[in-house]
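Novice: Next come the chains, spelled out residue by residue.
Protein chains: 2
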Amino acid sequence: MYRAPIDDIRHALFDIAGMREFLERDLAPQLTEDLVDAILSEAGRFAAEEIAPVARIGDEVGAKVEDGVVTTPPGWRQVYAKWCEGGWNSVSAPEEYGGQGLPAMISMAVLEMWNSASMGFAIGPTLTIGAIDALEKHASEELKARYIEKMVSGEWMGTMNLTEPQAGSDLAALRARAEPRGDGTYRIFGQKIFITYGEQDFTDNIIHLVLARLPDAPPGTKGISLFLVPKFLVNEDGTLGARNDVFCASIEKKMGIHGSPTCTMIYGDGRFGDEPGAIGWLVGEPNRGLNCMFTMMNAARLAVGIQGVGVAEAARQKALEYAKDRKQGRVPGTHAGEMAPIVKHQDVRRMLLSMTVLTQASRAIAYACAHASDMARFDRERGAFWLERVNLLTPIAKAFPTDMGVDVASLGVQVHGGMGFIEETGAAVLLRDARIAPIYEGTNGIQAIDLVIRKLPLSGGEHVRGFLNELKQDAEAARASNQDDLGIAGARVLEALADTTEATEYLLGQLGAGKLDHALSAATPFLRLMALAAGGALLLRGAVASGDPARAKLAFYFADNHLSEVGALKRVVIEGSDSLIAAGDLLEAV
Amino acid sequence: MYRAPIDDIRHALFDIAGMREFLERDLAPQLTEDLVDAILSEAGRFAAEEIAPVARIGDEVGAKVEDGVVTTPPGWRQVYAKWCEGGWNSVSAPEEYGGQGLPAMISMAVLEMWNSASMGFAIGPTLTIGAIDALEKHASEELKARYIEKMVSGEWMGTMNLTEPQAGSDLAALRARAEPRGDGTYRIFGQKIFITYGEQDFTDNIIHLVLARLPDAPPGTKGISLFLVPKFLVNEDGTLGARNDVFCASIEKKMGIHGSPTCTMIYGDGRFGDEPGAIGWLVGEPNRGLNCMFTMMNAARLAVGIQGVGVAEAARQKALEYAKDRKQGRVPGTHAGEMAPIVKHQDVRRMLLSMTVLTQASRAIAYACAHASDMARFDRERGAFWLERVNLLTPIAKAFPTDMGVDVASLGVQVHGGMGFIEETGAAVLLRDARIAPIYEGTNGIQAIDLVIRKLPLSGGEHVRGFLNELKQDAEAARASNQDDLGIAGARVLEALADTTEATEYLLGQLGAGKLDHALSAATPFLRLMALAAGGALLLRGAVASGDPARAKLAFYFADNHLSEVGALKRVVIEGSDSLIAAGDLLEAV
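Those protein sequences? They're chains A and B, same order as listed.
With the UniProt record's numbering applied, the first sequence has no gaps in its numbers, which climb one by one up to 590 at the end.
With the UniProt record's numbering applied, the second sequence has no gaps in its numbers, which climb one by one up to 590 at the end.
In case anyone wonders, no lab produced these hints; they're calculated from the structure.
One or more hints might be untrue.
One copy or any two copies: either way a pair holds, since identical chains are not told apart in the list.
[To be verified] Using 25 Å as the maximum straight-line C-alpha spacing, the simulated DMTMM-like pairs for lysine to aspartate or glutamate come out as follows:
| # | residue 1 | residue 2 |
| --- | --- | --- |
| 1 | LYS253 | GLU321 |
| 2 | LYS515 | GLU338 |
| 3 | LYS324 | ASP170 |
| 4 | LYS64 | GLU423 |
| 5 | LYS137 | GLU381 |
| 6 | LYS82 | GLU321 |
| 7 | LYS253 | GLU423 |
| 8 | LYS222 | GLU495 |
| 9 | LYS253 | GLU424 |
| 10 | LYS253 | GLU142 |
| 11 | LYS327 | ASP170 |
| 12 | LYS137 | ASP347 |
| 13 | LYS64 | GLU33 |
| 14 | LYS64 | GLU142 |
| 15 | LYS222 | GLU338 |
| 16 | LYS64 | GLU424 |
| 17 | LYS137 | GLU155 |
| 18 | LYS327 | GLU24 |
| 19 | LYS253 | GLU60 |
| 20 | LYS150 | GLU575 |
| 21 | LYS82 | ASP170 |
| 22 | LYS82 | GLU50 |
| 23 | LYS324 | ASP67 |
| 24 | LYS472 | GLU502 |
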């Protein structure tokens with residue numbers, strides 16, 4: 001049974017991500033340490049006692065669709081209602097619309113808990129938060145006034161409609177179109193796929209944000225506009241009007257997150273209303289729709305990274321619980337005729353320790369990214385610096401934790417042995433759920449390319465250099481400590497950071513020399529390299545700050561057992577591209 | 001759609017695993033190169049045209065049970081009947097019982113194809129082959145005469161009943177019991193779980209091999225005996241008699257291989273027959289049941305390793321096909337307004353190339369293990385040497401390909417992007433199916449421990465040293481070639497083999513010094529290290545032997561992009577255990 005890891009979350013916030021200094025500087029004046037603790041504790045209770053109990057039925061029954069009407073799994077509506085009542089939908093939302101305006105460090109910490117309890121449940125509200133964000137930053141005052149408050153309270157949910165069958169990673173290929181009606185509104189036509197919670201029975205209305213092209217729009221990504229398309233039109237007094245011409249044609253049968261309805265949405269086929277075309281309102285400038293998306297994309301990517309942290313934490317807890325209970329084999333000290341709990345076996349310990357440190361390193365990176373986004377928002381003087389930091393960390397914070405979510409959940413299955421493959425145990429579903437996170441919100445390959453091509457060159461490479469220097473200070477502080485474990489671990493992390501610097505400079509050099517293929521082919525191993533090195537440094541930072549010998553031991557384990565991969569990855573980054581480029585054409589020849 | 005990779009399989013057999021010399025020496029006199037080709041080609045056709053088409057319905061419908069009666073998925077019975085008619089059940093079976101007595105290299109090559117087509121289908125007959133093997137080596141002439149022929153023809157299937165709820169990896173905890181009836185037969189009582197094809201509708205009778213304890217048996221593994229327990233008793237004339245007191249109480253709902261009924265079998269609860277107790281016959285000596293199992297365990301473990309190869313191959317083909325078809329984004333040379341197939345993107349190429357070489361390295365290792373078992377059987381003069389080689393290679397050939405099956409299938413999901421998570425695409429099911437193989441037939445952790453504790457010390461360590469020296473010769477030959485790719489790859493493989501030697505000697509030293517914990521905690525990274533180094537050397541052997549520049553490029557890619565991990569793993573093996581042992585106790589404290 002999931003228990004919110006309040007100690008670990010608090011440690012990651014205060015000892016690693018910068019919450020302590022954030023509070024001390026009073027950057028978000030309403031926020032106190034007591035309030036943080038109260039929120040974490042109450043969120044932990046809600047995740048464990050309300051959401052987690054409906055996770056299994058969500059997987060087993062799944063979301064259903066009939067004639068465009070989606071039914072979520074039994075009990076999910078009720079949990080959503082309670083969740084809104086508890087104010088959880090409004091944690092990060094702007095205060096002027098009834099939100100609590102809390103920092104991302106808080107909203108991401110509680111989001112981790114929702115995802116540990118049920119990824120399929122948590123992803124719905126996550127999309128609404130993204131939609132609120134986009135509207136608040138780009139919509140007209142009229143639209144804001146009409147829509148945001150009810151989305152903040154949770155009375156209405158929001159969706160993001162980007163993908164079309166021919167346009168996934170490549171949004172330039174979008175075909176959905178918007179025709180002006182002459183009254184400032186538009187008629188939207190097109191098919192959108194993979195729309196999370198595109199239709200549901202949680203709320204009376206659904207506010208779709210839809211990317212589409214205006215009639216005279218230029219081709220490619222510079223001709224895409226963003227529209228607000230409500231399921232039901234909203235009257236001036238806020239009551240619901242006519243059904244808009246949008247419906248859910250089908251939902252996908254997926255490997256995991258079965259409770260989350262993944263919808264194919266049809267806009268403008270004439271099913272509803274007098275004439276075909278879903279009525280929509282432009283959000284932001286014409287042809288600038290992708291810019292509106294970009295402002296929320298960092299947040300959405302971090303939120304998906306947090307899903308990885310959440311599912312890894314759930315898998316870690318479940319495996320550890322099983323390993324303490326399940327008895328097989330003997331170790332020195334086992335009484336005659338008895339068996340030892342498998343947690344006593346070194347090979348099982350390796351799996352459990354790796355699950356633990358990979359989860360913690362993922363959390364540290366994700367929370368550090370949340371901290372940077374809070375600093376960009378609250379620390380006006382260094383806003384530009386922190387925005388670069390968010391931009392640098394976001395692809396890492398999306399990709400690494402989601403990869404680790406899969407790896408940790410898979411290790412969790414393995415710890416359970418044969419029982420891990422049986423659905424009843426609840427280990428397999430975590431792996432099935434986790435598998436989506438490296439794919440959506442920009443595949444992890446896209447993240448790696450973003451990191452290398454767009455983020456390393458920030459401030460001419462100086463930003464990433466500064467980041468690596470900060471991490472070096474953490475490692476130096478550990479090395480200079482008087483603790484054995486930390487001293488060795490500090491040396492290992494410094495070695496990993498030196499490798500990271502070498503790989504970074506190599507890639508900056510390739511980019512500078514116009515060798516784009518070499519940079520692109522090294523992107524995925526580079527992201528992993530940087531995440532491992534950063535994770536090692538951040539775990540050390542936490543161990544030093546907390547003075548907790550247990551955390552020092554875990555940082556030492558991470559440094560010893562996961563950081564030697566950094567040296568290997570450095571070689572792959574620097575030496576591996578030639579053979580990749582040479583062999584690549586073979587794939588097409590077959 | 002799966003197409004049997006005849007060229008790759010043939011290459012692995014002839015250029016890597018030793019089939020060429022095996023034929024030249026006429027070790028299996030009836031076997032010719034033409035016959036090998038004919039078998040591979042016909043098996044490839046059967047796998048692609050008969051088995052593969054029923055794979056999806058097997059996953060979607062799954063096996064069902066009602067009142068102890070199991071129904072396999074629609075069409076599966078018919079495919080099994082055709083498969084037996086085609087003689088595929090008897091490929092490896094002894095000739096005196098109607099089998100074809102073909103070498104393991106052949107039976108494993110065709111088994112790979114059955115598994116590429118459908119793991120859930122292929123696993124059933126695999127168990128029968130194991131049961132035949134155990135009976136042929138250990139049963140009385142009377143039992144052999146009565147049972148084996150019909151198991152060879154496929155008229156009856158066999159099962160292996162080892163696991164009980166409290167006894168999985170640790171068979172010492174077995175509780176099933178056997179009571180002598182005084183007439184040379186026994187009554188068997190107990191519950192067995194995870195019994196693959198324990199009940200089914202393919203065959204009229206099912207021959208269960210069951211581990212149980214005699215009344216006065218010593219505790220632990222030295223008190224376990226093996227019994228033959230048919231579902232229906234068999235009359236002297238071979239016709240079926242009374243129903244025996246064994247039935248299927250339930251089948252498991254699993255993450256994958258849904259078509260394979262995984263049964264809980266109840267022996268002796270009195271449901272059938274005059275008095276409780278399933279009637280069984282002792283196979284082999286009393287209390288020597290585990291020895292009977294051990295003789296077939298190597299074969300069964302290799303067969304599971306082959307499952308990993310098969311599912312990886314299927315995933316590789318599917319992802320490559322998708323990547324050539326799916327268009328997103330642009331690369332240099334893409335026409336204006338068009339998109340490039342994603343196979344053109346370097347990051348996608350990295351995934352596809354890794355899928356390819358990891359599949360090929362897994363196949364090379366598994367086939368080399370099959371070759372060793374053939375040599376142990378046919379090369380009487382060096383039988384002892386080859387038996388050691390089988391023993392050394394088996395844990396590697398079980399664990400590495402099954403780990404790669406999961407990794408490659410997961411990469412396959414990733415290549416498909418969002419479509420990979422949709423079940424209809426057929427990529428996700430390969431990952432769900434693949435996930436069992438690292439668990440059953442001895443978890444991969446058990447394999448790693450077996451490798452380190454029991455296999456490295458063979459002949460005082462000389463056997464593994466000899467093996468590594470053979471691999472070095474392959475790498476030297478590559479380095480000495482005049483080809484650029486092979487020369488660089490040869491140097492990399494030599495470096496990896498030097499690391500492997502260092503790690504091996506370190507572990508032998510730890511074992512010699514009685515530092516068991518250090519050896520145990522390093523087992524899993526060591527197995528991976530050795531498999532990667534061996535895989536690199538074997539791919540080079542194949543590239544040199546075939547003279548095929550495409551194979552040289554792939555070996556180069558493997559050496560450049562996967563072998564640097566060997567150095568990292570060496571550090572984990574040698575340096576990682578201290579921190580693991582230090583941190584391990586934390587797990588119990590939580």
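Novice: Each of the hints needs a verdict: does it hold here or not?
Specialist: Against the structure, the hints:
In this homomeric assembly, LYS253 and GLU321 come within 25 Å of each other (Cα to Cα) only across copies, at 22 Å, whereas the closest approach inside a single copy is 31 Å. When the C-alpha separation of LYS515 and GLU338 is checked against a cutoff of 25 Å, the pair qualifies only between copies, where the shortest distance is 23 Å, while the shortest distance within a copy is 62 Å. For the homomeric pair LYS324 and ASP170, the shortest alpha-carbon distance between copies (16 Å) is at most 25 Å, but the shortest distance inside one copy (47 Å) is not. In the homo-oligomer, the alpha carbons of LYS64 and GLU423 lie at most 25 Å apart both inside one protomer (20 Å) and across protomers (16 Å), since each shortest distance falls under that limit.
Only within a single protomer do LYS137 and GLU381 lie at most 25 Å apart by alpha-carbon distance; the minimum there is 21 Å, versus 81 Å between protomers. In this assembly of identical chains, LYS82 and GLU321 lie within 25 Å of each other by CA distance neither inside one copy nor across copies; the values are 29 Å within and 47 Å between. Taking the closest pair of Cα atoms, LYS253 and GLU423 come within 25 Å of each other both inside a single copy (17 Å) and across two copies (6 Å). Proximity of LYS222 to GLU495 under the C-alpha cut-off of 25 Å is found in neither arrangement, the shortest distances being 44 Å within a copy and 51 Å between copies.
Both within a single protomer and between protomers do LYS253 and GLU424 lie at most 25 Å apart by alpha-carbon distance, with minima of 20 Å and 7 Å respectively. Within a single copy, LYS253 and GLU142 get their C-alpha atoms no closer than 38 Å, and across copies no closer than 53 Å, so neither meets the 25 Å cut-off. Taking the shortest Cα distances, LYS327 and ASP170 sit within 25 Å of each other only across copies (9 Å), while inside one copy they are farther apart (51 Å). In this assembly of identical chains, LYS137 and ASP347 lie within 25 Å of each other by CA distance neither inside one copy nor across copies; the values are 51 Å within and 34 Å between.
For a Cα distance limit of 25 Å, the shortest separation of LYS64 from GLU33 qualifies neither inside one copy, at 43 Å, nor across copies, at 55 Å. Taking CA atoms no more than 25 Å apart as the test, LYS64 paired with GLU142 passes in neither setting, with 35 Å inside one copy and 58 Å between copies. In the homo-oligomer, the alpha carbons of LYS222 and GLU338 lie at most 25 Å apart only across protomers (16 Å), although the nearest pairing inside one protomer, at 70 Å, exceeds that limit. For the identical chains of this complex, LYS64 and GLU424 are neighbours both inside a copy (21 Å) and across copies (16 Å), given an alpha-carbon limit of 25 Å.
When the C-alpha separation of LYS137 and GLU155 is checked against a cutoff of 25 Å, the pair qualifies only within one copy, where the shortest distance is 21 Å, while the shortest distance between copies is 71 Å. Within a single copy, LYS327 and GLU24 get their C-alpha atoms no closer than 48 Å, and across copies no closer than 51 Å, so neither meets the 25 Å cut-off. Taking identical chains as interchangeable, the C-alpha atoms of LYS253 and GLU60 lie at most 25 Å apart whether they share a chain (12 Å) or sit on different chains (11 Å). Neither within a single protomer nor between protomers do LYS150 and GLU575 lie at most 25 Å apart by alpha-carbon distance, with minima of 54 Å and 57 Å respectively.
In the homo-oligomer, the alpha carbons of LYS82 and ASP170 never lie at most 25 Å apart, since the shortest distance is 38 Å inside one protomer and 46 Å across protomers. Taking the closest pair of Cα atoms, LYS82 and GLU50 come within 25 Å of each other only inside a single copy of the chain (9 Å); across copies the shortest separation is 52 Å, beyond that limit. Proximity of LYS324 and ASP67 under a CA criterion of 25 Å is satisfied in neither setting, with 48 Å inside one chain copy and 35 Å between copies. Taking CA atoms no more than 25 Å apart as the test, LYS472 paired with GLU502 passes inside one copy only; the shortest distance there is 14 Å, against 31 Å between copies.
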